[in-house]
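A.B. asks: Next come the chains, spelled out residue by residue.
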Amino acid sequence: MKLIAFVIAVVFPVSAAAQQPDFSKVEVKTTKIGEGVYMLAGAGGNLGLSVGEDAVFLVDDEFAPLTEKVKAAIAAISDKPVRFVLNTHWHFDHTGGNENLGQGGALIVAHDNVRKRMSVDHFITDLNMKIQASPKVALPVVTFAESATFHINGDEIQAVHVPPAHTDGDSFVHFRKANVLHMGDTFFNGFYPFFDMSTGGSFDGMIAAAEKALSMCDASTKIIPGHGPLGDKKALETYLSMLRTVRDRVKKLVDAGKTVDEAIKAKPLADFDATWGKGFLPPDAFLKLVHASLSAVR
Amino acid sequence: MTFTIEIVLRESDDAVTENLSHPATPRDWTVDDVREILKKMLTAIDRAKNPDAPLRDVTLRGFSWIVEPSGGKVVIAIEIPMGAAVAGPFDTDERRLTSLITQALAAPTTTVH
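From first to last, the protein sequence lines stand for chains A and B.
Read left to right, the first sequence gives residues 0 to 297 (numbering that gives the first Met the number 0).
Read left to right, the second sequence gives residues 0 to 112 (numbering that gives the first Met the number 0).
In isolation and in its complexed conformation, chain A is listed as follows (with noise of 0.2 Å):
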């Protein structure tokens, strides 16, 4: 369905609600993974959630139209209306339900670039992709430069911005007592990850943000993924791996001069395709997002 998805958006140049799934199909399935913390995941961005006696603080909010099932099932942990909505970067997966949580009266909390990214349109060059700026109560009305920490619910849940990787926006998300870490979209679980290069994401950065993200992590801690199952330090380590790989190998190609196509001839990831190669992005493609990225910075 992703793939399919993926294929029309190269083909042709569609809006993001053109692209969309059938929500009507889609549920959203809760698992707690810690005192009082639950990741939340439907046809989006994975949620993270915190709840407890002082409010309810949800990371990402999906789709627009699957507000109402995200609040359902809010609404099975707790009574507290959303008040705290922290978007990770600024893409439609995961900003969607902004617009009605907003209007809900939650507050909106992001880096600084979210609130710009969102504040215009935008064409997503590697997806083909018309994505037009939101509405004002969609946009985040605190934004920081490198941090902002909430107390609440027993925690300290804890907003780290992290240098251009996924998009130049991104934050992770740090339930330090709870020791579960969001990491928004530099982490896809088990499969080729996207990066946006065209507001600011690179690949070198998404090693990086792997990397800062595993300093932060101890054998225990639980990571939710921006998409993907809910994940681990192993798995963390494994992908980081796999990223490393492919950038040792891709930018010998580069440093070769040899040109995309000639790059996915050689086939330098045949032995990782099969692994990593079946989710949102289909190898040929991630590959030729890794050989750009890497030809930026020659």
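Some hints here could point you the wrong way.
Listed next, the in silico DSBU-like pairs over lysine-lysine satisfying Cα-Cα at most 35 Å (straight line) [as the list claims (entries may be wrong)]: (1) Lys39(B) x Lys31(A); (2) Lys250(A) x Lys79(A); (3) Lys221(A) x Lys38(B); (4) Lys250(A) x Lys72(B); (5) Lys72(B) x Lys221(A); (6) Lys48(B) x Lys287(A); (7) Lys264(A) x Lys221(A); (8) Lys264(A) x Lys250(A); (9) Lys39(B) x Lys221(A); (10) Lys251(A) x Lys72(B); (11) Lys72(B) x Lys135(A); (12) Lys233(A) x Lys72(B); (13) Lys48(B) x Lys233(A).
Just so you know, the hints here were simulated from the structure itself, not pulled from any lab data.
All of these numbers come straight from a predicted model, not from anything done at the bench.
Use these hints to put chain B onto chain A, whose structure you have.
C.D. replies: Relative to chain A, chain B alone:
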């Protein structure tokens, strides 16, 4: 790119050397990159002082800094009560790096719109 950081803890005569990495090359650095470099330097000092402690978050406050020429390149030197560190050399313009650090430290940490 990788760079070296030399750390001298207060009341110690020995320097500790570490290699750190950052994805962007110095000539392409933005305020964001410089903020991250400074945080990596402060974290490295903390790690040298407390090698067994878990990683702690650092904020860009309470330290002195200067950008100095070094062999045609530049280094960043910082000092905090715990010790001092010199990172580099970086192949970039001294005035531009000084300006980026100034901006990084002056930027408001939180904005309410």
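A.B. asks: Does each hint hold? Answer for all of them.
C.D. replies: Right, here's what the structure says about each hint:
1. Lys39(B) x Lys31(A): 33 Å, holds
2. Lys250(A) x Lys79(A): Roughly 50 Å separates the two Cα atoms, so the pair is violated.
3. Lys221(A) x Lys38(B): Status holds; Cα separation ~25 Å.
4. Lys250(A) x Lys72(B): 26 Å, holds
5. Lys72(B) x Lys221(A): 42 Å, violated
6. Lys48(B) x Lys287(A): Distance ~44 Å between Lys48(B) and Lys287(A) Cα, so the pair is violated.
7. Lys264(A) x Lys221(A): Violated. Lys264(A) to Lys221(A) sits at ~38 Å, over the 35 Å cutoff.
8. Lys264(A) x Lys250(A): Measuring from Cα to Cα gives roughly 15 Å; hence the hint holds.
9. Lys39(B) x Lys221(A): 24 Å, holds
10. Lys251(A) x Lys72(B): Distance of about 27 Å is within 35 Å: holds.
11. Lys72(B) x Lys135(A): 45 Å, violated
12. Lys233(A) x Lys72(B): Since the Cα atoms of Lys233(A) and Lys72(B) sit roughly 39 Å apart, the hinted pair is violated (cutoff 35 Å).
13. Lys48(B) x Lys233(A): 28 Å, holds
In summary, the numbered hints that this structure violates are 2, 5, 6, 7, 11 and 12.
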